[in-house]
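If you read the sequences in order, they're chains A and B.
Using this note's numbering, the first residue of the first sequence is number 5, and each one after it goes up by one.
Using this note's numbering, the first residue of the second sequence is number 232, and each one after it goes up by one.
For the record, the hints were derived by calculation from the structure and aren't laboratory data.
Mixed in with the good hints, there may be bad ones.
Claimed, not checked - Taking lysine-lysine pairs in the BS3-like style, the calculated list, with each CA pair at most 27 Å apart, reads: (1) A:K241 to B:K363; (2) A:K305 to B:K879; (3) B:K389 to B:K363; (4) B:K1009 to A:K301.
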Amino acid sequence: MLRLPPYQYHRPTSLDAAVALMTEHGDDAMYVAGGTDVVPNMKHRLFEPAHLIALRGINELQGIEELPGTDGEQGVLRISAAETLTAVASHPRVRDLFPALADAASHVAGPQLRNSGTIGGNVCLDTRCTYYNQTHFWREALGFCLKKDGDVCHVTRTGKKCVAAHSADTPPVLMTLGAEAVLVGPNGRRAMPVADFFVADGIVNTRRSRDEILTEIRIPLASATRRQAYVKLRQRKSIDFPLLTVAVAAEVDESGLIRSIQGVVTGLGSRPRTLTKWNDVAEGRALDDELIDELAKRAHKQCHPLENIIVDPEWRRAMVPVFVTRALEQVTQA
Amino acid sequence: MNSKSPKVKSDNVLIGTPMRKVEGLAKSTGRAVYTDDVALPGLLHGKILRSPHPHADIVSIDTSRAEALEGVYAVITGRDMAVQYGIIPWTPDEYPLCVDRVRYIGDGVAAVAAIDEDTAIAALSLIDVEYKVLTAFFDPHDALEADGATPFIHEAKKQGWNGNVTKVVKLEFGDIEGGMDSSDVVVEGDYFFEGSTHAPIEPHCAIGQWDGVGHLTVWSATQVPHYLHRELARVLELDQAQIRVLQPLVGGAFGGKSEPFDLEFCVGKLAMKTGRPVKILYTREEVFYSHRGRHPFHMHYRTGATRDGKLTSVDAKILLDGGAYASFGLVTTYYSGQLLCAPYEMPAYRFDSTRVYTNKPACGPKRGHGSVQPRFAFEVQIDKLAEQIELDPIEFRRRNFIGEHTKTVNELRITSNGFLECLSSVESASGWHDKFRTMPFGRGIGIAGSTYISGTNYPIYPNEMPQSAVQMQIDRSGRVAVFSGASEIGQGCDSVVAYIAAEELGVPLEWVRVLRGDTDFTPVDLGAYSSRVTFMLGNAAIDAATRLRKLVQSSVAKAWAVKPSEVLLAGGFAVWAPDTGRQMPIAEAFNLAEVEHGTLGATGWYNTPKDVHGEYRGGTIGASPAYSFTSHVAEVDVDTDTGFVDVKKIWVAHDCGRALNPVLVEGQMEGSAYMGAAEAIMEEQIFKDSDHGRAGLHNAPSLLDYRIPTSLDTPELQALIVESIDPEGPYGAKEAGEGPLHPSIPAIANAIYDAIGVRMDRLPFSPPNVWRAIQKAKEDGTLRKPSGPTVRENASADAMVVAPQADG
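For reference, chain B alone in the conformation it holds in the complex (with noise of 0.2 Å):
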């Protein structure tokens, strides 16, 4: 199927078989470590004092009552950090506290640490801020608009300019207009995603410590450590190498903890000041106004098709809603077009996106960033085209298929591709044909597919050092201890270096150490972002685990006076190939490495390719070395008198590359399509207008009114691996993490017209848009099954229909 083998033997022993997660017990039992579970002595509490003006000018704050406070050991305000900083380094627009201006309801704007909570709260009601109330902007139109008569949100960056512009990226590849001109049809339609939040159940939390003659150290609930530990040191004015970061386990983070938050520079400014350990911890409301969740996309296309079903030229405007900062809007506003690209061939695309502020809390990655929204609107755009030629979608689907080892329109490198057989897969899985159009009226089937990223070619900042790397390090009882900075979120990266430690060196899965999450001894991991640890860590593991292996094969091979690669590592032995009779327990063999090549420790690391993208400005954002490829089908059923779309079953297909462990792989698809599920049918952070109370402030920032989904309401969700071994993966594999997100939202969409004949061009679902909808269609006379397609399938298609399997 490849063009080149994958990475090492093909043999594994443990690879590809279902494992327990490393960490699993710990958390199942209370005994897991997290940032608030952290104790340290004379801790300090510390609190945010937040603005309750969504945009206005600081004109003075005082904060002489507060510290006259008993209790009260510290406040510190937006001076006393006014450096700025930002996750993109170019930018930066955040200061930890605000200095001149807040920018939404909630933004912060001084700090105290105190000898308890009570007291930290006390203490911010008695800091006296005047503000200068400023016109806000909400609606991104009108932030696209300004002219300048009200001050924008952020300050142009030269004479002329809207500063309420975050960025702008228009960018075309091919005809476009020559291929709707040559198509036989043509769609168009407006969608708009609302916008959503991550809702980790482990609200942020953070524990600085400064020891006196000059060293830091902050604990945080993070997905960026290393990011974390560069940031600190750039605003508090100290030394990388002053700084050490530490991370407990984190309770979920989906991409909201991925960027540096005022409470980690908070606690650092605070423990200096004071000498004294200082923790914040954030309260649920202040989660949701951290956010940098899903922005809110207004999105317009226009996608042409010929009558036998071939793309022909698509077409894209985007609106991109960002909230007061930039965070990582530069990429979301790239990723908003760039990775559209596949898994269907485009002989033409263009996109126009426009990321605004807005006085709202700041936007930014949420699993699958920038890229949940298009892949609506389009895999509904494509729903919408191949019902007009009167073509089943997953044929259309399967007629545009790019390929593999090939180049987008866009000159993204794409390797190993599964895609066509995650179609087939949903398709037989879901009895498809049984189903599509022929339900009753109510009851719908929709089909989707994606494609995502496994991490990054490029960093966030420039530079060609290592993406991720581990040391290894082999003890004299058998222990391996892995030392590693990648970021366990839940997703299972201690679990997987583990797992190729003991693959690798033969060593039980129990002897396996994994030391983490701490800046001063493990090497430099980016973070737990854009799918990237698996694949990478994946690789530095094996490279580390690589090195070690042959030195403890070349001194057993000694002694046996055989050829080392006849000596296998292998569940706690070492063991002659042709002979598997001949063995040694592994502690054995690893003492005769250590006696042949003294102390035995590796390091291993792993970088991207970085001549695989196009010679376009922007052309580097959305490379990847590999990419996942996603299918689902949803079937719904809809009540017309309610509104209320009933999720039955989302079968969920997954070009992984290679299941690592197949259960965590099956974690994160059913996770993921829970997560996209919730979102088309429930969540929504939206915000008060002048209409309702006050305008800006959030809707409900509480997680019993900002609704997601309970176990009673999640769907059935079935997990279909598919493997389509990448020459560049670790074993082969591809990311899992945030892929099989995005075809839940369309494949709902497209279940919801199956079903009752209505398109729900907008997010979400819920019960009373969908009732609103349904009302619209009864008036239009549009409410009614669908009529199916008369051209279904080409021979060859309908000969691999294979009969539905039981699913329970």
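For reference, chain A alone in the conformation it holds in the complex (with noise of 0.2 Å):
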């Protein structure tokens, strides 16, 4: 069996407690929720953190309630983000607004790891790459890469830039519905839509710093009004992670014509992909087999897979269009 590198574990029961902890240790730290992405990367020697701060005995970071709209402020459904997955994918509030979110939770690795895994730690998970989620004998053995260790990227053979591809299931969805990240560190607590959350840069793909607590999410109930849908593409009906995930979600009026849409790839690239130039051909159509084929067809045009997931590429480019297409078809039956 690997070994797990020795290391301290915290678990401070207040999010003022953890941000102190963090601060303490700094650069030595890390936050762990469910730990069922932290704990294999340090078996294989990604992550080596002397002390672990975990979130789980956080009461600010538990709970799943919609807060209605007050004066200037719109009303959310916030989702704390240790609340596992199977939690998200189970929640009535859930499944009736946001089935789509449901859908995506439910999708995550399997029922085990679900019970264990954190809405919070999926839109956190580290990007992943077949030269990258290896152990350490076997990164040794291929001259590490520019992620960990190494200098150079085996997939585009050069040391500009790493291209690990962003993996989870949930933020794809959540890009669709609007909704916002909220996170709290030793400066304070600040917001950004989860649109703006990741970065195209495999190494560390998203803009929480290594001392924030990614604490909760928000999404406008506005947004429930929006036809959804999620489907992923992957070898196994269970455990594997996306070879491509497409959400979906669209704004239509009381004749059945599109107000807006929005579409988000994922599986390909260090980061959730928005599909551009969709409203301008779906705006005031109804979702018919010839417009959902457009659509697919500009979102086959903008969708690029590398080899950083072992599965051959050019067939999962391939299944862009195809998976699109079936999100649309989803979002005509929702």
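Fit the two chains together into the complex; they arrive one by one in their own frames, and the hints show the way.
What follows is the structure, given as structure tokens:
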């Protein structure tokens, strides 16, 4: 069995205490929630923190609740970050308001992992690559890679940029729903759209700084009127990370015409990709076969998967229009 | 049905009924003891340093820094055990740790024993190895064409030979070209079977203990304790009498633990050096490197048939990609051809098989050793032939049935043969005639058949001693102790001996204790491989139990003044057959026998027939006391947009001779069909090339990325047991553990063709591969539902078709 490197485990009971521990230990520390990403990565010596600060014992990070709108502030569904993926997938209000999110959460890994893994952890999931998610022995035999311990990317065969793949299921859906991420760190609290949370850098692909905690996701209640869909490409019906995911949300008027439509794909590059040039063709039209075909073609043009995941990139690219079509067909039935 | 009646009585009480596995509750409640659970005082932990290069000379190894680390007790290298070994006595080409040369990424170079695993891991990084990197061979064609300009992977046996070649077998039976010439149709095709590995859930683990006065004990998760015993003695230069091998329960093996591995020698040597027990447990990654799984096969087949569907001639050329060491490769090379000659009659057959070394983990035997790959190609060839002559493929197979109590073209002796019943069983259960060539585009159904051995007539090292044996002891309490050296790897051999003891001696199953897996007190059984155990151990158990039963019967008969043959032992009682009201508790009967005969114990053994094989070089390889037969129908749904093949259901009919416990047989049939389907649609043991990181690196040595199907991906499986009652098998039984894997793969390939008109001649049928084949078919304009055969069935076969069974 692979061994974990030695580390000290801390279990604070408040956000303030967690942030204080992080301030104390600095670069030697990492936060951990469900541990389903951090622990295997530690076994592979991808993360080597001397201190792990657990987020599980912090009450402020628990709870899913509807916050009605007040003057000047829109109503939101607040999902605290340490809620498990099982809890998100099965929560009645999540299922009623944002079925695509419940669906995405229920497609992460397998049941045991969803019972431990959290929504916050899924949003902050480390990028993945065939040359990175391997043991120390394997990576040493490879000569390491740009993301960890080395200076060359074996996917692009240059030293310029890491292209490890964003591989989380829930962020694309959150993006199509206009959700916001809330971060708390030594310098206080800040919020940003999930759509702005990711950057195109496989080494560190989020704007969360190392000492910040993702505390909650806020989804505007107004987005519940959007027709939503989520589809995932993977080889097995459980366990596997996505080879491609597509999330779609569309605002449709009473006569069935599109007011606005958002599509996000991931599993390809280092951050989820918002599909562009959709609204200009879709606005005011019915989502019929012709439009679906047009949107799928536009998606295909924009997506160029690399060999960062072991599965045939040419096939994955060809699956973009297929899965976009399937998502859009779900939307018509939503 | 048979010329000989089956061994022993036919009025069985327990045999043939569903029974619990003797170790089942312990396993399902977590109380079962596996090697890693064995705790010993003063235990040290070992780790093995592995080569980061696929092919290199070892220039020097300096272990001094590792030895100086606190907590390190010993460091060893190849020089400490510089004796070559190999499971096949004619091809020893491995050292426990490499001496001068490493041959794949992951080859063992040095080992340490330390106070704990973390210290052992730290010590590995302090061992300094200087390598001289050599040109490596990854493609078997390149290895075959090597001219010696760069070093061969192994030294050539003779000057001028290619050292990359492990074995060449060319055998020819009958008139190949004449047969082809007389054919109305000849089908020719290239097939590729990608390698796959066993992926047992329990990683390999071993513990060594040296008592300081000359006795070495090794616990191991092995399926061949006897061969391990022999090789430990040879490599560690001890007498076999000094060594004891213990085999705790094994958590899956499938052929992946059927020869000695580096860790077993290392724990022995490290224990001898340190005087303390030493354990090594592989990481999952090391399990992938130890491998010995299915060889990748590059196959070319030419097959002829007449217009009325009789095979005329079969010609095969096969290149086996062997990896870095010989392993069982000599046998694999023979099996690649020898095991194809049933269940169909072949007037002429030729195969030309070559196994080469490559700088990758060594291939070896995986469930259905050497014959799963050619069976895939051949059963697809038959599907193509049947289509060309417009004959239903089940009918084609029927017309070529070889028969029972006959000989194959390569002179293997066939005894019982239930293949025709297998065919009709899957034909009717699957509703074949309502589905074949008639379901909508995208949905398809396919058939395949196969045969497999029930053990081999000749053991791995030449000897004429029994292949299997047990010792049985009867206690005054009514308890029966069975001492069995057979390897319980989940297949149920401990249960089988218990069932037989209970059946023959009339005690409740719960009173039988199976004392197992210890070479100090069990007689030799050669191991769990080649589907030999139930057949051979079962016969040995019947032999021992019968001796004891006769003693008990005679003593009871004396007490009752009746004939011994009138005394039945069943259900915990001795019973007088003419009047079953006359009975006594079985313990009382045992006590009477002990008074008369003294302490009650018996040995029993089985040895194979030695006079039934072909009189040609290699003619003994593939010779088995009995052959099992199997047929599958698979139904698939192909998504032509994505290439996903959803295997909806597999109907598995298997002639196991006699099902000693139908639940265990069904488990073996379902497990086999699952494993075959997994190889068909998902599994591939593949390696990076120089365009992808580093050539020779395992693509994905983890259970996340080496994908085996989850329960959600597993097709519905329906086991249909066929019993032909073999004259040589225990109660008529034959094997059920490997045969039922074979047809899964070609049945799925043939079903894909029925669904979309696309031939998948390369494994696996993974979504990208199927999608690519679909793209090509679209370009060629061949993506369509194939048309049905105009000739379907002869009248008698039609009459056999009953209404499809309700199968849920």
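Taking the hints in turn, this is what the structure says about them:
1. A:K241 to B:K363: Status violated; Cα separation ~45 Å.
2. A:K305 to B:K879: violated (35 Å)
3. B:K389 to B:K363: Between B:K389 and B:K363 the Cα gap is close to 25 Å, so the pair holds against 27 Å.
4. B:K1009 to A:K301: holds (19 Å)
Going down the numbered hints, you'll see the structure goes against 1, 2, while the others check out.
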